[in-house]
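Q: One-letter residues, chain by chain:
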Amino acid sequence: MYLYDELDRTLVGERVAEFRGQVARRLSGELTEDEFKPLRLMNGVYLQLHAYMLRISIPYGTLSSAQLRMLAHVARRYDRGYGHFTTRQNIQYHWIKLEELPDAMADLASVGMHGMQTSGNVVRNITTDQWASVAPDEIEDPRIWAEVIRQHVTLHPEFSFMPRKFKIAVGSSRHDRAALRIHDMALQMHRNGAGETGFEVMVGGGLGRTAFIAKTIKPFLHKRDVLSYVEAVLRTYNQFGRRDNIYKARIKILVHELGAEAFAKEVETEWQSIKDGPLALDEEVIADIASRFRYPAYARLDDSPPELAEARRSDRRFDAWVGNSVAKHKVPGYAIVTLSLKPEGGTPGDVTAEQMDVIADLADRYSFGEIRVGHEQNLALPHVAQRDLPAVWRALDAIGVAIPNVNLITDIIACPGLDYCSLANARSIPIAQEITRRFRNLDLARDLGRLHINISGCINACGHHHVGHIGILGVEKNGEEFYQITLGGKADEHATLGTLIGPAVPYAQVADVVEDIAAAYIELRERPDELFIDTVKRTGVEPFRERVYAAR
Amino acid sequence: MTSPLQQKLKINGPVVVTANRLADGVVVYRGEGGWTTKLDGAAVTTSAAVAQELLAAAKADGLHAVDAYVAPVQVTEDGRVRPGNLRERIRSSGPTIDLPLHALRVKADHVPVR
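Just so you know, the sequences run in chain order A and B. At position 90 of the first sequence (counting the first as 1) the number is 90 in our numbering, and the numbers step up by one without a gap. Convert by adding 1000 to the 1-based position in the second sequence; the result is the number in our numbering.
Fair warning: there could be bad hints in the mix.
Just a few of them, taken from the derived set where beta-carbon distance is under 10 Å, the chain A residues facing chain B [unchecked claim]: (1) 37; (2) 47; (3) 481.
Reference listing, derived: stretches of chain A covered by chain B, where coverage requires no fewer than 3 residues with Cβ under 8 Å from a Cβ of chain B [as the list claims (entries may be wrong)]: (4) 21-35; (5) 72-86.
Hint data in this document are derived by calculation from the structure and do not stem from the laboratory. Just so you know, even glycine gets a beta-carbon here, dropped at the ideal spot from N, CA and C.
Please work from the sequences and hints to get the whole structure.
A: Next up, the structure:
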């Protein structure tokens, strides 16, 4: 849990005062929309179909209970009683009024939250594994490094007007839960032969109109050099990135056109000239930032307490939930609890103010006051004692966030789509909702196993459809909504782009198509525990294509 | 539905000028010398010249509404004005989905479109 210091609090407070003045001058007409728009974007304020949208940054997906309560308050007081968690670990409010924004921002500032750098051509929220600091396979807490970089790039004058947005992710586990390889830049922690920890640096990932998986340009970067190297990459991008064509302005295009090797050389040249300057990180600086992270005073507990086993034996629903939503913790006697925000017929990632308040209370009682937001649009309680699992489950079940469908076919990632977003071509949420209805049977969902569906309402790919096991992309043809279907994408350490299986299908048929794909998988799999994604890899998409298009 | 803000002015049927209210982002339509939240109160035209004028007046009124553009409508036999495509239906009536449970404050004139 990162603790803000005086500088952080002052900065956020001053930002609110500044924005309050800007809003007042816009409402009085002193500022035109052309003058005001870049200013509001710098605070994460968008104009969408029905209302303004406010995007609040949740650095590396970590929330305190006080912060979650404030998010609930904002939802209640300034919005329509709910918030939406995004694929970049942020939260969005979809019904905000401009005239009330300064007050909402002042409330958020009181708990250290803001919308800075959630929009515009700047470095955006730096994301990481939602299981940071508790995952058994982690080397070190990646959030410390996300914070080191965050402090440096926030309001950095040289990187406030880049060719386009820039998204960074940091990882430290063997298994990538943060989709590192679809980011503009990713840092993956490794241990080298000498036992030192450092970072593999990858650049040029990204989805959208032209999708790429990131390439490694630095196999091992020492911790001391993190800031100077990140600076060198940003400078190289700032210098060579295209500003003449918005569709070619991301770093992925630059890396692709130069080639990873040539790009790496440019970065190296820049880096050599700055690496021993003021950006070189000494141990004290790192330790100072690391010290602002507080870790729980875990109790000495045993794994598998008898009351847990007893509860699993006596309650089938609880047992199913433990088997699905509870993951191993690096500290004995503890567990990581995932809260599914994917109820049947619901909007993926939406949480009501009431739910947020209950989750905040549960965090205080059972998770040392901490909540995590995952890019897959679920939440987590990262520090739950195993003996508390029955009580936690009952409370989560009562508010509808204990559906045991995590990582299953109904655990869908979807962007807001045309129901909310002015960029969209088609709706995504009703598609997700219908799929959750078709696969409401948990036995069926469990039999299908791990299966990631990603839905985007336009080519901007906020739903990450390119890297879904099943990817669904909404397009518009002659005023009607159609959907392209891809198979075989992966977002993890084996990141792959999916393959289009055929012509786009109309809105009313998408759920049928998903049922056909699921049925084909069951027929084609070599054994019940061959994962969907492995079956697709083994057979290719042709048998699925045949099945889907045979009757269409 | 490419953002209408990037489209050239082409009139293929009846249109209105629409925007979002500055203070709260609510969808509004250009009527006689002002803005209305009711599509039935909007100035409808099939003339590109008139549409251009409405648009110019709308854009000049940046104090009250922003991001004005020309949107298609349908006019029914009994003279009622309806949104001309899915995007405008959604802007007019709200998201086509139920908002989360416990979200009590749904506007009275926002009827979900299925």
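Q: Has the region 72-86 of chain A got at least three residues whose CB is nearer than 8 Å to a CB belonging to chain B?
A: Answer holds; 3 residues pass the 8 Å Cβ test.
Q: Would the hint on residue 47 (chain A) be counted as holding, given a Cβ-Cβ threshold of 10 Å to chain B?
A: Given a least distance of 6 Å, the restraint on residue 47 (chain A) holds.
Q: Three residues or more, CB to CB closer than 8 Å: is that satisfied between the region 21-35 of chain A and chain B?
A: holds (count 5)
Q: Was the hint right that residue 481 (chain A) lines chain B, CB cutoff 10 Å?
A: With Cβ-Cβ at 7 Å, under 10 Å, it holds.
Q: So, as I understand it, the hint says residue 37 (chain A) touches chain B; can you test that by seeing if any CB pair is closer than 10 Å?
A: holds (8 Å)
Violation of the numbered hints given earlier is absent; every hint is satisfied by the structure.
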